[in-house]
Amino acid sequence: MDASVTAAAPVTDPAGIRRAMDYYAERGWTDGLPVVPVTESYLAEFLATTDRDPGSVLLAMPHLNRQCTVRLAAINAALAGCRPGYFPVVLAAWDSLAAEGYPGRGIWQSTTGTAPLLIVNGPVRAAIGLNSRGNVFGSGFRANATIGRAIRLGAINAFGLRPHELDQATQGTPAKYTCCIAENEEESPWPPLHADFGLGRAESAVTAMVIRSCVHIEARHTTAAEQLAADIAGTVARTGALIHQTISACIVLSPEHARVLDRAGWGKPDLQRYLYDHATATRDELAAAGKEAISRHTRWRLPSDHPDAIPDDCADAGSPGLIRVLNSPDAILVVVAGASNAGVSAVVETFGPRGGPPPVTRVAAGNQR
Amino acid sequence: MSICTDAFVVPAQAMARVHGFPGYEFATVPHPIASLDPDQIRGLATGVVPDVLRILGAES
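In the order they appear, the protein sequences are chains Y and A.
With the numbering used here, letter number 324 in the first sequence gets 324, and the count goes up by one each step, no holes.
With the numbering used here, letter number 4 in the second sequence gets 4, and the count goes up by one each step, no holes.
Honestly, the hints are just simulated from the structure, not real lab data.
From a predicted model like this one, the values you see are computed outputs, not experimental measurements.
In this text, a Cβ means the ideal position worked out from N, Cα and C, and glycines have one as well.
Keep in mind that the hints are not guaranteed to be accurate.
Quick list of simulated restraints, FRET-style, between CB atoms [what the hints assert, rightly or not]:
# : chain 1 : residue 1 : chain 2 : residue 2 : range
1 : Y       : Ala288    : A       : His31     : 23 to 33 Å
2 : A       : Leu36     : Y       : Gly101    : 29 to 39 Å
3 : A       : Tyr24     : Y       : Ser295    : 21 to 31 Å
So that you can see chain Y by itself, here it is in the shape it has in the complex (with noise of 0.2 Å):
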């Protein structure tokens, strides 16, 4: 930023922008950050771009006697710098994670730290200028930035989840700040994900996921499906994700990436079946890490001298002692985004449902500015 371009800028009370950021701050209705001050016309232009009721509940926590409804979800996607046009995507946003459960059911409250994920299909990701290519987990975008921000200011404002209360994460992860990516699907070989799941390429649809941890993939070093895919399941089926019996993940593979399985024949189901198979730990890798039993009561893996200790029943992955940490395939899903630059991909560990179809839930028509 030079001074010609500082000089450029609107011309408005600084001091008095300050003292909105202040006020907002002071009242804990931000993440740290600031946020931008909000007026009753101003929101009026966010739910302006939909039909649907202000009053009308998104998501509710019952436990907490709290709900989210269009209206505070306005507010929170206004504070957090959205546009007016991206709130359909928002909205899409919060019928996708009261679709997928865990939320309402307090996850996000969890000493575990996950954040939700929002994976964006359709022409919408052009329209409001949403990122699918080069640093697409990282900062640089505004549709992006703000729509994942726009859940977590909904979560601390409309739920009250603000940490060292109601949000005892132990060390959460940086995606609680935002994280929102487009899938790549004009870099992709495969059909994207919410055509996977029935809807059509011309619609948007925004899928919610609960995450802890983003783990990235090198293998810049092969054009083999399999290595490929041996080196994703080594991640996929490391010990320290393993809380319970079984995980789920999303991998987000990189062009390069998705064009290595394709050029090799391979499908997203093919790559889904050979994780099922090849995500695996032997019973002595486990029990190096306390891990090779389950509880009977919480069903969390712990040692088996744990009185409370139970075996788990994960499928035997072909020979003794080798245990799956998947119980099938479809708790794999499969999307492509990011640059088509290096064969570096992401494991992104899920929380939630382990088979099924996603939450995949499509954007509404709207004044998308």
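Position chain A against the provided structure of chain Y, taking the given hints into account.
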């Protein structure tokens, strides 16, 4: 009544406020419990009994 480890007193009090019981009293034990062995758990349980009885009004 509820027993929690001292690491969860603040969120527990926040939950009590949410449900309209700002003065709700919790019995607390030292954190952690998840990694303790049975004898250590027994020790914590024994140690918290007087507090449990007091909160329940059963001490007298």
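Assessment of proposed distance window 23 to 33 Å (beta carbons of Ala288(Y), His31(A)): holds (26 Å)
task: Check the following: the C-beta atoms of Tyr24(A) and Ser295(Y) are separated by a distance inside 21 to 31 Å.
output: holds (28 Å)
query: Should the hint that Leu36(A) and Gly101(Y) are 29 to 39 Å apart at their CB atoms be regarded as holding?
result: holds (32 Å)
When held up to the earlier numbered hints, the structure conflicts with none and fits them all.
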